[in-house]
Amino acid sequence: MIRRRHLGALLFIVPAAAIYGTFVLSPFVQTVWLSFHKWDGASPVRVWIGLGNYVAAVRDEIFWRALSHNLVFIGMNLLLPTSLGLLLAALVAQVQRGRTVYRFGLFLPYVLSLAIVGIIWGRIYDPNIGIINQVMRALGLDVLTRPWLGDANAALVAVNLAGVWHAFPFAMVIYLAGLQGIDTSLYDAARIDGANGVQTFRHVTVPSLRNVTTLLLSGAFISALTAFTLVWTMTGGGPYYASEVISTYIYKRAFEDIHVGYGAALSVCLALFALTTTGLFVWLRERRE
Amino acid sequence: MRGQHRMTRRSFVKFVGAAASGLALGGRVPVAQGQAKRTVVFWPEANTPAAQKGWDEITAAFGAATPSIEIKRVFQPEMTNIIKVALASDSGPDVFQRDIPPSYHQPLVDAGLLRALDDEYKSRPNLQKVFPWARKRGIISGRTWGVPHEVEFIPVFFNKSVFARLGLTELPTKSYDEFLNLCKAIKAAGVTPLGLGGRSRTQPGHLYSELMMLTLGKDGFEEILYGSGRWDQPAVIEAADRIKQLIDLGYLAKDALAQDLAAAQAGFAAGRFAMWTTGTWQLIGLERSRADNPAFDYDYFFLPPINTALKAPQIAGGIGGGFSISAKAKDLEASTIWIDFLMGPAAQKIWNEVFFQAAPTPFDPAKANLPPVPRKAMTLIARGQELGYNVSVVIPSNVVEVYWNGLQGIMSGQLTPKDWAGKLQVEWEKAKADGRVVKP
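Protein chains in written order, with our numbering: chain L, 14 to 302; chain V, -4 to 435.
Just so you know, these hints were derived from the structure itself, not from any lab.
Accuracy of the hints is not assured; some may be wrong.
Straight line, CA to CA, 20 Å or less: simulated SDA-like cross-link-like pairs of lysine to any residue [claimed, not checked]:
hint, chain 1, residue 1, chain 2, residue 2
1, V, Lys323, L, Pro57
2, V, Lys418, V, Gln228
3, V, Lys249, L, Ile75
4, V, Lys323, V, Tyr99
5, V, Lys249, L, Ala165
6, V, Lys425, L, His50
7, V, Lys124, V, Gly379
8, V, Lys249, L, Ile145
9, V, Lys249, L, Asn141
10, V, Lys425, L, Ala165
Okay, the calculated bits of chain L under chain V, using three or more residues with CB under 8 Å as the criterion [unchecked claim]:
hint, region
11, 51 to 64
12, 133 to 146
Beyond 12 Å from chain L on every Cβ pair, some chain V residues (computed) [unchecked claim]:
hint, residue
13, Pro62
14, Ser223
15, Lys325
Please read these numbers as outputs of a predicted model, since none were measured by experiment.
Don't be surprised by glycine CBs; every beta carbon is placed ideally from N, CA and C.
The task is simple: from the sequences and hints, build the whole structure.
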């Protein structure tokens, strides 16, 4: 009887497991396998080199530089879109009339594809006709104008800010949904205790949104680690690796430099780093609860 | 429902039966008449409206000349990224268009994905006429793996309207100092002398190629490619120093690394900078700018000598696009006939007039209907004179990566020319150890 019940359950699992195995597990295992080889992606011969690609990665200064840029991305992605989203959600939740208009207007950047965002912000940052430099010139701040995407000191942050512009609306909408789930009696109690708006926000709203924040931060963390599209469309990782991130570097080494095995090794490193740090982050958050 | 057309089950069955019979009969007609066409699947790499028009004309001309062969065209703008996988998985074309120099072709040759064309060069009338120097550029390990079709070179384009406004009539011809003086005069007039789309990593490489041909020369570069020459020698470093000098003197736009190719072309046409270094592959875009903006006119000159010991002219350029045949081409003869047609006089006229390009076979530009600058470029190509090199197309990909990125590093002050040259030498030695350098 029990066996039959298990058999039935297994039958239900098989389609999903087959799809997951074919499209997720199998490519992952193949990538790990490739990472132990020297292979150009086309040759029928794959040369087994053991941990050679991983040793090369450890010695690769561009890899570490790209990883450090990912860490900058992570820092900015964890801080800016979520805090901006939370602030705007709290403000929009207060609006009595026209809330939908605000919500729609603020959500708009999120519906654009990242490639389009890259093109739009490429124009915004254009040193000659871009709005940023034009406004600065109009204000007499010529000294602050710069070729944003061509400046080694500015390119990484410039790309990241475009990402923040794209990401904050999602955080705002999720926070708005979270705000609706907060027990209103908590606000009543805070009011009776004499808490002002800021105190209520700090001691009632923010703690009540802890789970939502964990979700958003996890998502932001992973998207910062795997960032590709914006960097690729806006700078290509340049100038001279000044905005290179791991994903663009993997692409270049695997498909432009045709070192597929090395690209696979870098991908495995990235996946392990993402899994470990995200797991650690979620565990820490849950432990605090 | 009365009065409306409804299909009953019986009428549906009749319809399907009739349709099936019709299709079957129709499909059998060519077989019955022995008119089944041979098919060549061909992947060109450009799909701009102008390129589509050109390919329409070429395939129509081929269809008229060779009705038994049908060309199935599939545009592949991402050719470099997909061709390797497509050929390896047997889902690729019979013939494809892409750069043929060894830096592109070596991995395909090593993987056995291409067909060597030495026999076809002997037997096909138009392939026999390919300029020897151009054919040489498609040779790897002693065999010829592609047909060169796009001869290109890299001059300095200048905005004639800007030059006229500034009263500049003399072009630099004798020495590089003349060029620097020209830049000085343009800058003094409040115009940025030289622009570049440095965000497109290839663009600084084009300027460098021009300068390297003037410091090291074609023969010196071939000594690196085929002999024992080194990347960290003074002439290689000097060419990079010259780029740094242009930046330091304010002659090269300070925002060059923030501009992509399209922005650079727009800036040049708008007169934001007076000169632009790019290749003749950009003629089609420049002619479009000229058509869109009647105030814009342009011409080109070559950078004057730096190392006067080198034989002039040292022109950066060589072979860009070309055609290759898959090792698994379904109909080799038909594929070869198609490529031979692409190198013939009927196609050459279309290359000249629509694409503003030229195949390396003898032709008379006077017979083509061309605007002035493309005519000037075609006339030079028609002489059959050997050109120098566009460095990035003949070096292995790992060296290209350091070459392109390093030039960005020099322009943005993150890397010195000497350090860059050292890195190039390291990558070159790695490529040599891996067997990835050119094997003529």
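Do the hints match the structure? See the list:
1. V:Lys323 - L:Pro57: Satisfied, since the Cα-Cα distance of roughly 15 Å is no more than 20 Å.
2. V:Lys418 - V:Gln228: Given pair Lys418 (chain V), Gln228 (chain V) holds - Cα atoms ~12 Å apart, limit 20 Å.
3. V:Lys249 - L:Ile75: 25 Å, violated
4. V:Lys323 - V:Tyr99: Status holds; Cα separation ~19 Å.
5. V:Lys249 - L:Ala165: Between Lys249 (chain V) and Ala165 (chain L) the Cα gap is close to 13 Å, so the pair holds against 20 Å.
6. V:Lys425 - L:His50: Distance of about 17 Å is within 20 Å: holds.
7. V:Lys124 - V:Gly379: 11 Å, holds
8. V:Lys249 - L:Ile145: Cα-Cα ~17 Å, so holds.
9. V:Lys249 - L:Asn141: With a Cα-Cα distance of about 11 Å, the restraint between Lys249 (chain V) and Asn141 (chain L) holds, given a limit of 20 Å.
10. V:Lys425 - L:Ala165: 28 Å, violated
11. 51 to 64: holds (count 5)
12. 133 to 146: Contact hint for the region 133 to 146 of chain L vs chain V: holds, 5 residues under 8 Å.
13. Pro62: At roughly 36 Å from the nearest Cβ of chain L, Pro62 (chain V) sits farther out than 12 Å, so the non-interface label holds.
14. Ser223: 25 Å, holds
15. Lys325: 20 Å, holds
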